[in-house]
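Novice: Chains as they are written, first to last, in numbering that gives the first Met the number 0: chain A, 0 to 184; chain B, 0 to 446.
In short, the hints are calculated from the structure, not lab data. C-beta atoms are modelled at their ideal positions from N, C-alpha and C, and glycine is treated no differently. Warning: the hint list may mix true and false statements.
[Unchecked claim] Here are the simulated DSS-like cross-link-like pairs (lysine-lysine), alpha carbons at most 30 Å apart as the crow flies: (1) B:Lys27 to B:Lys148; (2) B:Lys47 to B:Lys280; (3) A:Lys130 to B:Lys369; (4) B:Lys15 to A:Lys173.
[Stated by the list, open to error] Covered stretches of chain A (chain B as the covering partner; in silico rule of three or more C-beta atoms under 8 Å from a C-beta of chain B): (5) 11-20; (6) 30-42; (7) 74-81; (8) 95-104; (9) 144-151.
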Amino acid sequence: MLKIEPMENEVKFNSESLAVIEKIVARYPEGKHKSALIPVLHLAQAEFEGWLSPAAMDEVARVLNLKPIEVYEVASFYTMFNLSPVGKCLIEVCRTSSCWLRGANEIVEHIEKKLNIKDGETTADGMFTLKTVECLGSCGTAPMMMIGAQFHENLTYEKVDTILDSCKTENKRKTYFDNVNIEHY
Amino acid sequence: MGKKLLLANDHVPGIKGFEVYRANGGYKSVEKAVKTMSPDAVVEEVKKSGLRGRGGAGFPTGMKWSFLAKPEGVARYLVCNADESEPGTFKDRYLMSRIPHILVEGMITSGFALGATAGYIYIRGEYFYIVSILEKAIEEAYANGFLGKNILGSGFNYDLYVHVGAGAYICGEETALLESLEGKRGNPRIKPPFPAIAGLYGCPTVVNNVETIAAVVPIINDGGEAYAAVGIGKSAGTKLISASGHINKPGVYEIEMGITVEDFIYSDEYCGGIKNGKKLKAVVAGGSSVPILPADKILTTPSGEKRLMSYESLADGGFASGTMLGSGGFIVMDETASVVENLHTFARFYHHESCGQCSPCREGTGWMEKILHKILDGHGTVEDIELLWEIQSKIEGNTICPLGDAAAWPVASAIRHFRSEFEEYVKNPNNLKKVRHYDSVNQLVSA
Numbered sequence: 000m001l002k003i004e005p006m007e008n009e010v011k012f013n014s015e016s017l018a019v020i021e022k023i024v025a026r027y028p029e030g031k032h033k034s035a036l037i038p039v040l041h042l043a044q045a046e047f048e049g050w051l052s053p054a055a056m057d058e059v060a061r062v063l064n065l066k067p068i069e070v071y072e073v074a075s076f077y078t079m080f081n082l083s084p085v086g087k088c089l090i091e092v093c094r095t096s097s098c099w100l101r102g103a104n105e106i107v108e109h110i111e112k113k114l115n116i117k118d119g120e121t122t123a124d125g126m127f128t129l130k131t132v133e134c135l136g137s138c139g140t141a142p143m144m145m146i147g148a149q150f151h152e153n154l155t156y157e158k159v160d161t162i163l164d165s166c167k168t169e170n171k172r173k174t175y176f177d178n179v180n181i182e183h184y
Numbered sequence: 000m001g002k003k004l005l006l007a008n009d010h011v012p013g014i015k016g017f018e019v020y021r022a023n024g025g026y027k028s029v030e031k032a033v034k035t036m037s038p039d040a041v042v043e044e045v046k047k048s049g050l051r052g053r054g055g056a057g058f059p060t061g062m063k064w065s066f067l068a069k070p071e072g073v074a075r076y077l078v079c080n081a082d083e084s085e086p087g088t089f090k091d092r093y094l095m096s097r098i099p100h101i102l103v104e105g106m107i108t109s110g111f112a113l114g115a116t117a118g119y120i121y122i123r124g125e126y127f128y129i130v131s132i133l134e135k136a137i138e139e140a141y142a143n144g145f146l147g148k149n150i151l152g153s154g155f156n157y158d159l160y161v162h163v164g165a166g167a168y169i170c171g172e173e174t175a176l177l178e179s180l181e182g183k184r185g186n187p188r189i190k191p192p193f194p195a196i197a198g199l200y201g202c203p204t205v206v207n208n209v210e211t212i213a214a215v216v217p218i219i220n221d222g223g224e225a226y227a228a229v230g231i232g233k234s235a236g237t238k239l240i241s242a243s244g245h246i247n248k249p250g251v252y253e254i255e256m257g258i259t260v261e262d263f264i265y266s267d268e269y270c271g272g273i274k275n276g277k278k279l280k281a282v283v284a285g286g287s288s289v290p291i292l293p294a295d296k297i298l299t300t301p302s303g304e305k306r307l308m309s310y311e312s313l314a315d316g317g318f319a320s321g322t323m324l325g326s327g328g329f330i331v332m333d334e335t336a337s338v339v340e341n342l343h344t345f346a347r348f349y350h351h352e353s354c355g356q357c358s359p360c361r362e363g364t365g366w367m368e369k370i371l372h373k374i375l376d377g378h379g380t381v382e383d384i385e386l387l388w389e390i391q392s393k394i395e396g397n398t399i400c401p402l403g404d405a406a407a408w409p410v411a412s413a414i415r416h417f418r419s420e421f422e423e424y425v426k427n428p429n430n431l432k433k434v435r436h437y438d439s440v441n442q443l444v445s446a
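Next up, chain A with everything else stripped away, as it sits in the complex (with noise of 0.2 Å):
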């Protein structure tokens, strides 16, 4: 009988994330642990370079009891999920009506030209990724961007190189959990 191993995964949570895991896993009643799966993709996603390769994809299924697929199907349906590599900093530009009604196109060329690169594409050194999405409810301080958990808001042109330029200086990755305390996630 033809017997299959397992293939060894590589990627694994360090012990930090499983013990968050634990403790998301104990918010929902017992047996409905897969109400910890978006929560947990975003641990995975912040540890694992900023997207979810099918190997992290994979892991996340493991800690959580999952089917592969289970954790496939919910990846690919949420905006916020990559489910392909990233630049250090993913910057996220809002173009629906408030924002596109203050400039948003205007900042979204500024950005493209500045960085040389399209909406979509990332930066040849990996720093920046330029994403265009829909409103992420800043429509009173618009025009705005998102860098990983940090709203910026009110932009102009000199705003945008100021924050940009920073980042490049920085040369850490963002994530949604930056300023988040994981002791209140």
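Keeping the supplied structure of chain A fixed, place chain B upon it in accordance with the hints.
Specialist: For chain B alone, kept in the frame of chain A given last:
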């Protein structure tokens, strides 16, 4: 100054923390409810208050609560819908990030009324930074005996959790939200059964918007009748309005329902008039889904009276000449704005956010976006305007959830009130402003 019920203490330094919030009358509704009232009496006050769902539908909250099934020995849940994603709406974000305890307090008092075993706050993923603000507030409420076992010695046990989403407008639809909370794709469920009978994990569940839950606090503190006395007619109480677009003072305003639209747009207490002294062209009064109205129709009702900020007055005239209060996302456009281009941003939004479950919405939203792109690109024909009309009419009413309607109404109203602008686009394409091509093109390819 109008009466403020939710944002009364917004200006108080440190109101985000438990001590200051408590010192300013916070958590009194919990004390009053669990110590002096029965759960049914709390529901009764909410019924008397006339409070209507603040997420957009405007369904009477007390009635929604009274539908909750209460079979013996089965868990019941209260879920707060903090998946605020309707374009033009940012009031829940404002409230949660500035006065998180009012939501926590409302979740406890409401949870008591419903006999809930646990409460979940489902917050959109993009509001990630608010997750820790809420978690901290919840931790403080536990530490002070307002959450957990035997709350204030009343015998009421109740836990409250925050659950973060990951970017999906559809999860603001209550059954999609429950699917998502169960760790699945956010596909809306077929109703019935309604969540009140079979909701989270198949158990009886109430889903309410952030602002609705927060409004329960003043209702229990001052009584349902006092709340009903604020506002106008069946539009009881105050409403948070998110004001954006071409105005001098964008932001979140708590208004007493019944003030005039004109006052809201032009008075210095609210929007402060149109930016740069321009003229008002159009308003989307209740978030992207509601019909857009030209200046004359938003300011006056069909009978020539001043239109008011209320459920009834905004809807006066039906879809022929009225609109809806919706979520209170108030987007103002001046004379320079292109209604067709604005509609394209909405069409792109709904196309992106359709869950894909129902064919009319999955296919129709994409077609509408493509046709609008074609028109903006200078290749439109008069027939395209008719085709847009036909597509929207075939989406409306033919889908499991209201996203289909929400995608159709902006298209229908834009053509209804601004047909000449569409015609100008198809007849004189050379007069168009420069349109970026590649963004939509990329999107269409990937979709």
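Novice: Keeping to a limit of 30 Å between CA atoms, is the pair of lysine 27 of chain B and lysine 148 of chain B held or broken?
Specialist: Holds - the C-alpha atoms of lysine 148 of chain B and lysine 27 of chain B are around 19 Å apart, at most 30 Å.
Novice: When I compare C-beta atoms, does the region 30-42 of chain A have three or more residues closer than 8 Å to chain B?
Specialist: holds (count 9)
Novice: Is the Cα-Cα distance between lysine 130 of chain A and lysine 369 of chain B 30 Å or less?
Specialist: 20 Å, holds
Novice: Can you confirm whether the C-alpha distance between lysine 15 of chain B and lysine 173 of chain A stays at or below 30 Å?
Specialist: Holds. Lysine 15 of chain B to lysine 173 of chain A sits at ~26 Å (cutoff 30 Å).
Novice: Are at least 3 residues of the region 144-151 of chain A within less than 8 Å of chain B when you compare beta carbons?
Specialist: Result for this restraint: holds, n = 4.
Novice: Do three or more residues of the region 95-104 of chain A come closer than 8 Å to chain B, measuring C-beta to C-beta?
Specialist: holds (count 7)
Novice: Are the Cα positions of lysine 47 of chain B and lysine 280 of chain B separated by 30 Å at most?
Specialist: It is violated: about 39 Å lies between the C-alpha atoms, which goes past 30 Å.
Novice: Just to make sure I understand the rule, a stretch counts as covered if three or more of its residues have a C-beta closer than 8 Å to a C-beta of the chain. Does the region 11-20 of chain A meet that for chain B?
Specialist: Coverage by chain B is violated here, the residue count being 0 at a Cβ distance below 8 Å.
Novice: Cut-off 8 Å, C-beta pairs, minimum 3 residues; does the coverage of the region 74-81 of chain A by chain B stand?
Specialist: Coverage by chain B holds for the region 74-81 of chain A (5 residues, Cβ < 8 Å).
Comparing the model with each numbered hint stated earlier shows that hints 2 and 5 do not hold.
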